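What follows is the residue order along each chain.
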Amino acid sequence: MNAIQRRRRLELIGGVVVLLALALLPLPIRDVYTQNLIIITILFAGLSQAWNILGGYCGQISLGHALYLGVGAYVSTMLYVHGGVPPTVGMFAGGAVAGLGALLVGWPCFRLSGHYYAIATVVVGEIGYLLFLNWDWVGAATGIYVPFRGESLIALQFRTSKLPFHYAALIFAAVTWVIAFVIEGRAWGYAWRAVRDDVVAARSLGVRVFPSKMAAAAISGFLTGVGGAIYAQYVGYIDPDSILAGSLSILIALPAVLGGVGTLWGPLVGAAVLIPVSELTRSYLGGSGQGVDLMIYGGMIVLVALARPAGLVSLFGAGARA
Amino acid sequence: MLTADALAQALISGLLMGLIYALVAAGLSLIFGLMDIVNFAHGELLMLAMYAAVVLFGATHLDPLLQLPIVAGLLFLLGMGVYRGVIARALGVRFNRGMVQIFATFGLAIFIRGAAQFVWGGDFRSVSGTWLANRSVDLGGIFVPLPQLAASLVCLLAFAGLLLINRTEFGRALEATREDRDAVALIGIDRDRIFALGWGLGAGTVGIAGVMLITFYYVSPNVGANFAIIAYVTVALGGFGSVLGALAAGIVIGEVEALTALFLEPSLKQVGMFAVYLLVLMVRPRGLFGTL
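Protein sequence lines, in the order shown, are assigned to chains A and B. The first sequence begins at 1 in my numbering and counts up one residue at a time. The second sequence begins at 1 in my numbering and counts up one residue at a time.
Here chain A stands alone, though its shape is the one from the complex (with noise of 0.2 Å):
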C-alpha cells in the first residue's frame, strides 16, 4: 500500500469516526437553541462541501450558489404544495432542476476567467433573487409557507423532535463528503484540481477543461440544490430574501474557504467555527441592532483569511491541499 493510499484509508477511518460522534452528539442536548445550531452547522458544512466541489477542486470561484440553494427549495416545495410530491422525492427533483441550471449557468459564464467569472455569478444570483421577487406565482415577496401535513418521515415533517432533520442534515453532509472524497481519489478528480491550478498546463495535457467545468458546477448545483430542500422543509418557510439573497452565497462559500478550500475537511471545520460565532454574537449581541456582532464576525473572517490563508485545516499540519 503506497503513501496515498494509506492516507486515504485514514481520511475514510476519520470519516466514519466523525460521522458516528455526530450521529451521537444530539442525543444529551436538550437545549433547542442548540440543537438548531448544531442542525444549522451541518447543513452548512454540507452546503459548503457543496460549493467545494466546483469552487474548491474545480477553482471556480462561483459568488452566486444562492440561486441553486432557493431553486431546489422553490421546486420541492411547489411539488409539495401543489402536486402533493413528498419533499423526499422532491428534493432530488430540486436537485435535478438545480444542476440543470448550474449547467445553463455555466455554458456562457465559464468562458469567463477569474474575476470576470465571479462577478458574472455574482450577477446570475441577483438576477435569480429579483425574477423570484417579482413572480407572483411562487409567492413573489410574501414567500410559500410549507403547509403541514402531520408528521411523516417521507414528507421530512416533524413538530415534536428537531432530532430527525438533525439526521436529515447529517446523511446530506455526509453524501456530499463522500463525493468530495471520491473526487479525490479519481483520474478526473485530478483533472479538475489540474484546471483549477493551471489551465493552460492542464489543457496541453488533454484535460477537456470545459466539460470538466461543467461536470462539477451539475455536481455542485444539484447537492446545493438538495440542500435548499432539506432547508425549506426544516424552517417551514421561504421567501427570496431568505434562500435566494446574494449574502447567502457568501455564506455558503466562506465556511470551505477559511476552512480550507479544496480540503476534504476544509468545509466542515469552517462551518463548525463560522457558524455558531455568527449565530452566538447574534443572540448575544446583535439583538440592541448596535452592528457589534457584525463587527466581530467580519473581523474574523478577515483575521483568518489572511492569517490562515490555507485555511483553518492547516493548522492541524499537514494536508492543507491534496
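There could be a bad hint or two in this list.
[What the hints assert, rightly or not] Cut-off 20 Å, straight-line C-alpha distance, at most; resulting in silico cross-link-like pairs (SDA-like, lysine to any residue):
1. B/K269 - A/L130
2. B/K269 - A/I127
3. B/K269 - A/L131
4. B/K269 - A/A140
5. B/K269 - A/W135
6. B/K269 - A/D136
7. B/K269 - A/A141
8. B/K269 - A/G246
9. B/K269 - A/N134
10. B/K269 - A/A245
11. B/K269 - A/D241
12. B/K269 - B/L279
13. B/K269 - A/L133
These aren't lab readings, by the way, just hints derived from the structure by calculation. Bear in mind the structure is a predicted one, so any value in this text is a computation, not a measurement.
Got chain A sorted already, so can you dock chain B onto it with the hints?
Relative to chain A, chain B alone:
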C-alpha cells in the same frame, strides 16, 4: 402612454445616474488595473463617504459642494489605510491569493457595515436644506433636478482629473506599475507606495461620488451593497482596469436602467441592466474596453 417627453426625460435621468455609477466604478477599476484586486468593500467606502457628508453637514452646515475636498481627502487617507492594513497583507500571502483577497475585503465590508450601525444606528439619513435641494432646471419642457445635474458635472470633472493625473509623474508611475509590477522596482519606483497612493486615489473618487450622491439620496449602513453590485457590473462591462471603459459602461448601465423602468417595469430595472451586461460579456468576455 409613451410620449417623446417621457422618453427624453428617461434618457436624461439615465445619463445623469449613469455618470454617478461611472464615478463609483472608476475607483474600483483603477485599483483592479493596478494590482488585480477586486475590492468587495467598495460599496462600504461609498457609504462611509455619504455618512461623512451627513456628519459634516450636521456639525457645520457646510454645503456638500464645499465639503468635496474634505471628504475626498478623508477617503484618500482611508483608502491608504485599508491598503496598509488589509490589502498589503493579502498581496503578501503565498497561497490561495485570489480567494484571500476576495474574502478579506468581504469581511472588511461586513466589519464596516457593523461599525456604521454601531456609530450611526440603522436609520436612513439624508441632508436637507442644501444649496441645490429641491431645485430643477427646465430644458425645453424636460425637468432636470439640480442635485443630479451638479453631481454628473462633478463626475465628469473627476474623470477629467483622473485623465490629467495620467500625464503626471505619478500617473506614469501608476501606468508602469500596472504594466509590470516587478520590473518597476528596478527603475526606482517604490511599488508599495504606488499601490497605497492608488488605493487613496480610488477611495478619493468614491468620496466625491458619495458627497454628490447625498445631495439627493439617503444613506444607511446597507446602502453600499446596492451601489457596489452596480459598480462591479460597470467595471466588468467596461473592462477591468479601464477608467474610460468605466465611464462608457456607467452611461450604458444608467440608460438601460432608465429605459427598462420606462418600457417594462420599475421593479425589473436592475434585471435589465444585468441582462445587458451578460449579453455583452457573451460577445466580448473582456468587456467593452478591457485588455486584461
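Verification of the hints:
1. Between B/K269 and A/L130, the direct Cα distance comes to roughly 10 Å. Compliance with the 20 Å bound is thereby established for this hinted pair.
2. Note on B/K269 and A/I127: the hinted pairing holds, with a Cα-Cα distance of about 11 Å set against a maximum of 20 Å.
3. Using a Cα cut-off of 20 Å, the hinted pair B/K269 and A/L131 holds, with the two alpha carbons roughly 11 Å apart.
4. With a CA separation close to 16 Å, the supplied pair B/K269 and A/A140 stays within the 20 Å bound.
5. A C-alpha spacing of about 15 Å is found between B/K269 and A/W135, which places the hinted pair at or below 20 Å, so the restraint holds.
6. Straight-line distance between C-alpha atoms of B/K269 and A/D136 comes to about 18 Å, which keeps the hinted pair within the 20 Å bound.
7. Restraint check: the Cα-Cα separation between B/K269 and A/A141 comes to about 17 Å, which is no more than 20 Å; the hinted pair holds.
8. Annotation: proposed proximity of B/K269 to A/G246 holds, straight-line Cα distance about 18 Å (limit 20 Å).
9. For the hint linking B/K269 to A/N134, the alpha-carbon distance of about 12 Å falls within 20 Å, and the restraint holds.
10. Taking the CA atoms of B/K269 and A/A245, the gap is near 17 Å; set against the 20 Å cutoff, the hint holds.
11. A hinted pair counts as satisfied when its Cα atoms are at most 20 Å apart, and B/K269 with A/D241 qualifies at roughly 18 Å.
12. With a CA separation close to 16 Å, the supplied pair B/K269 and B/L279 stays within the 20 Å bound.
13. Annotation: proposed proximity of B/K269 to A/L133 holds, straight-line Cα distance about 13 Å (limit 20 Å).
Consistency with the previously given hints is maintained throughout, with no hint failing.
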